[in-house]
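Asker: Here's the letter readout for the chains.
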Amino acid sequence: MFRKPVFIITAEIVLLVLLFLVILGPMMSLLIWSIAERWYWPASLPQEVGFEYWKQALGLQKSLAIGAVSIVPAFFLSIFIAIVVVIISMLIAIPAGYALAKYRIPFGAFILFLFLMPNAFPQQPIFVNLLHIFTRWGLAGTVGGVVLVHILVGLVFGVWITNATFKSIPPHLEEAARSVGASSTKAFFKITFPLAAPGLLASAVFVFITSLDEFTGTFFVGLPFVNTLPMTLYSASGYNMQFASVIAIILLIPSILFMTLIQKMLKAEYVGGMG
Amino acid sequence: MSGLRLVNIVKKYGKLAAVDNLSLEVKEGELLTLLGPSGCGKTTVLRSISGFVAVDNGDVFIGNRRVTDVPPEKRGIGLVFQNYALWPHMTVFQNLAFGLELKKMPKEKIKGKVEESLAMVKLEGHEDRYPRQLSGGQQQRVALARALVLEPDILLLDEPLSNLDALLREQMRFEIAQIHKQFGITTVYVTHDQTEAMVISDRIAVLDKGRMMQLGKPVDIYSRPANKFVAGFMGTTNFIHGNVSDFYDDYMVVTTKSGLSLYGKGSGLEKGQEVDVAIRPENIDFMSASQTSSGKKSLNVFDAKVVRASYVGELIDYQLEIKDSLIRAKGDVKRRLTEGETVKIHLDPDQLSVLRG
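Each protein sequence line maps, in turn, to chains A and Y. Under this note's numbering, the final residue of the first sequence carries the number 1450; numbering is consecutive throughout. Under this note's numbering, the final residue of the second sequence carries the number 460; numbering is consecutive throughout.
Source of the hints: derived by calculation from the structure; they are not laboratory data. Beta carbons are placed, not taken as given, at the ideal position from N, Cα and C, and that holds for glycine. Among the hints, a few may not be true.
[What the hints assert, rightly or not] Stretch-level coverage of chain A by chain Y, calculated; a stretch enters the list once three of its residues show a Cβ under 8 angstroms from a Cβ in chain Y:
no.: 1; region: 1350-1356
no.: 2; region: 1366-1373
[To be verified] Using 30 angstroms as the maximum straight-line C-alpha spacing, the simulated BS3-like pairs for lysine-lysine come out as follows:
no.: 3; chain 1: Y; residue 1: Lys-206; chain 2: A; residue 2: Lys-1361
no.: 4; chain 1: A; residue 1: Lys-1277; chain 2: Y; residue 2: Lys-312
no.: 5; chain 1: Y; residue 1: Lys-216; chain 2: A; residue 2: Lys-1365
no.: 6; chain 1: Y; residue 1: Lys-225; chain 2: Y; residue 2: Lys-284
no.: 7; chain 1: A; residue 1: Lys-1342; chain 2: Y; residue 2: Lys-115
no.: 8; chain 1: Y; residue 1: Lys-177; chain 2: Y; residue 2: Lys-130
no.: 9; chain 1: A; residue 1: Lys-1365; chain 2: Y; residue 2: Lys-214
no.: 10; chain 1: Y; residue 1: Lys-177; chain 2: Y; residue 2: Lys-212
[Said to hold, decoys possible] Cβ-to-Cβ under 10 angstroms is the rule here; a few derived chain Y residues that face chain A:
no.: 11; residue: Ser-153
no.: 12; residue: Ile-180
no.: 13; residue: Gly-181
no.: 14; residue: Gln-185
no.: 15; residue: Ala-188
no.: 16; residue: Trp-190
no.: 17; residue: Phe-196
no.: 18; residue: Asn-198
no.: 19; residue: Lys-206
no.: 20; residue: Arg-249
no.: 21; residue: Val-252
no.: 22; residue: Leu-259
no.: 23; residue: Val-404
Produce the entire structure from the sequences given, and follow the hints as far as they go.
Answerer: See the structure below:
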């Protein structure tokens, strides 16, 4: 067996430790903050630790501390909004992505570019204007209004990723299905859709996470009536670092879960079979 | 089983006609090859037979059924693609069974049919493999089996061997021809490879710029090209330019500017017309200096100067000069001529095609 020289192993270890510091360092700080019950300058670690703030945040214990709110309603509202946003976005993105990939649509590239628009400009001016329009339509401060904003922001991931996914599937696969007697609908659902599934899931996850983390649009259109998790995080961060840390960690969980899932899916046999 | 008929089909992309008023009849059980360079319209013709291209004009008949407006899944065709187009998420068995399941065939019968088809392409026992676990040649066999398992009226093959390496390609040619012979299914085969077309076809349709250049048996296409395009496309050909000066027996006499007179076969040409004489390198016979000839053999005997001689292994590739004309010839390795040498050559007038210039 070939053995690696010692200095290469050392270099690998050093690199790994540095990587951990860069990636996990900030997260460690969040973790420590979330359990710090007493932490005064100049101590480098908290003087008192405990799960007091977690309990309060999760609504298990009432507290009168400034900025202390139960984040449970906000959590469920955020998840609810994200799910609705994913469903509507994918209902738009799958047909749009498929059509743009398969057919020669006039100005197809331009249509794809349009979906990028909401993300291509500074968001504050866009959402300030949107607030005016939504107020006129009675959508300001409603969950419906926030859902619309999230779709606007998330659709670029929806359409672009589904489009790229469908483009990566050779059109001959569907034609071969037609030639053995499948209608175009059947060919899509039996051949193209299963092959596209990992990409479509990835796209849905991106939309979900975008909605979960969306801040600017919700801030202008939703507040003060629609309090999503990022809104709660924002209001807590000014007063209470511990609460902010708890919320931040909770916001991270779905992202990490989904990213792991996507990685698993993309590693699966589909990718190898595409060629 | 049925034949196939294309009547005046036209397909335009913008102003460019990919298929320009093409009519073609493929007889029942025949293997017809659409041959031509890339962009000649052969794939568009194939796709209008399969129904993936809607023709702008004309009609497609399968047997007596007019299928011009029938969607691909209802035409009763089997398709084999250049890139195999096997479904990567299905096993070999599932790939073959898919069409049968759509027909609501009972499970037991499907199993039997799939096994039968796989045996035909010599892939027994590969049912549970995924396409990516097979070699290119095996994938193409599965694709062929998938097309045949449904017993289609027409089998369409779109450059099926282009992605395989040379050795495998040669082997598969014979296998496809064999399967065709065995089942006698009406087949349209698309290729740009003239050797492949020669080996495999009952008849060849040579296409260029969306038009039919010539339709006929491989031997006729090769030895009796209808025009300069076909002559040039079917292999190395020498063209000598001249004018029809006379008729002699069955032959035409073509005289070049430098005064060379060639006897050859041609039709529909008039005296004085500008023509090209097509001579295949292998049809040039080298004569010994003492050899004399009479009758037909005395026609087309010339003194030629060897300008270049390249040893290729199995033969010698010569460049010869007859008066002002340079021609390529294939010579036997047993008799090696040196550059600068003069040699007597004979061009068989039956093998010379006089074509419109």
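Asker: Each hint: holds or not?
Answerer: Consistency of the hints with the structure:
1. Residues of the region 1350-1356 of chain A lying with their CB closer than 8 angstroms to a CB of chain Y number 7, which satisfies the three-residue condition for coverage.
2. Proximity of the region 1366-1373 of chain A to chain Y, defined as three or more residues with a beta carbon under 8 angstroms from a beta carbon of that chain, is established by the 3 residues found.
3. A C-alpha spacing of about 13 angstroms is found between Lys-206(Y) and Lys-1361(A), which places the hinted pair at or below 30 angstroms, so the restraint holds.
4. Distance hint between Lys-1277(A) and Lys-312(Y) is fulfilled; the C-alpha atoms sit about 27 angstroms from each other, no more than 30 angstroms.
5. Taking the CA atoms of Lys-216(Y) and Lys-1365(A), the gap is near 21 angstroms; set against the 30 angstroms cutoff, the hint holds.
6. The straight-line distance between the Cα atoms of Lys-225(Y) and Lys-284(Y) is roughly 16 angstroms, inside the 30 angstroms bound, and the hint therefore holds.
7. Annotation: proposed proximity of Lys-1342(A) to Lys-115(Y) holds, straight-line Cα distance about 25 angstroms (limit 30 angstroms).
8. Between Lys-177(Y) and Lys-130(Y) the CA atoms are separated by roughly 21 angstroms; this keeps the pair inside 30 angstroms, and the hint holds.
9. At most 30 angstroms may separate the alpha-carbon atoms for a hinted pair to count; Lys-1365(A) and Lys-214(Y) meet this at roughly 20 angstroms.
10. Proposed proximity of Lys-177(Y) and Lys-212(Y) is supported: the alpha carbons are some 22 angstroms apart, at most 30 angstroms.
11. For the restraint placing Ser-153(Y) at the interface with chain A, the shortest Cβ-Cβ distance is roughly 7 angstroms, inside the 10 angstroms limit, so the hint holds.
12. With a least beta-carbon distance of about 6 angstroms to chain A, the hint placing Ile-180(Y) at the interface is held under the 10 angstroms criterion.
13. With 10 angstroms as the threshold, the beta carbon of Gly-181(Y) comes within range of chain A, its nearest partner Cβ sitting at about 7 angstroms, so the hint holds.
14. For Gln-185(Y), the interface hint holds, since its Cβ comes within 10 angstroms of a Cβ in chain A; the closest pair sits about 8 angstroms apart.
15. With its C-beta approaching chain A no nearer than about 4 angstroms, Ala-188(Y) sits inside the 10 angstroms limit, and its interface hint holds.
16. Evaluation of the Trp-190(Y) hint against chain A yields a held restraint, the C-beta minimum of about 6 angstroms falling below 10 angstroms.
17. Annotation: Phe-196(Y) was flagged as interfacial toward chain A, and the flag is violated, the nearest CB pair being 14 angstroms apart, outside 10 angstroms.
18. Hint status for Asn-198(Y) relative to chain A: holds, with the closest Cβ pair at about 9 angstroms, below 10 angstroms.
19. The interface hint given for Lys-206(Y) holds, since its Cβ lies 7 angstroms from the closest Cβ of chain A, which is under the 10 angstroms cut-off.
20. With a cut of 10 angstroms, the hint placing Arg-249(Y) at the interface with chain A holds, because the nearest CB-to-CB distance is about 7 angstroms.
21. Evaluation of the Val-252(Y) hint against chain A yields a held restraint, the C-beta minimum of about 8 angstroms falling below 10 angstroms.
22. With a least beta-carbon distance of about 8 angstroms to chain A, the hint placing Leu-259(Y) at the interface is held under the 10 angstroms criterion.
23. The beta carbon of Val-404(Y) comes no nearer than 55 angstroms to any beta carbon in chain A, farther than 10 angstroms, and the hint placing it at the interface is violated.
Checked against the numbered hints above, the structure violates hints 17 and 23; every other hint is satisfied.
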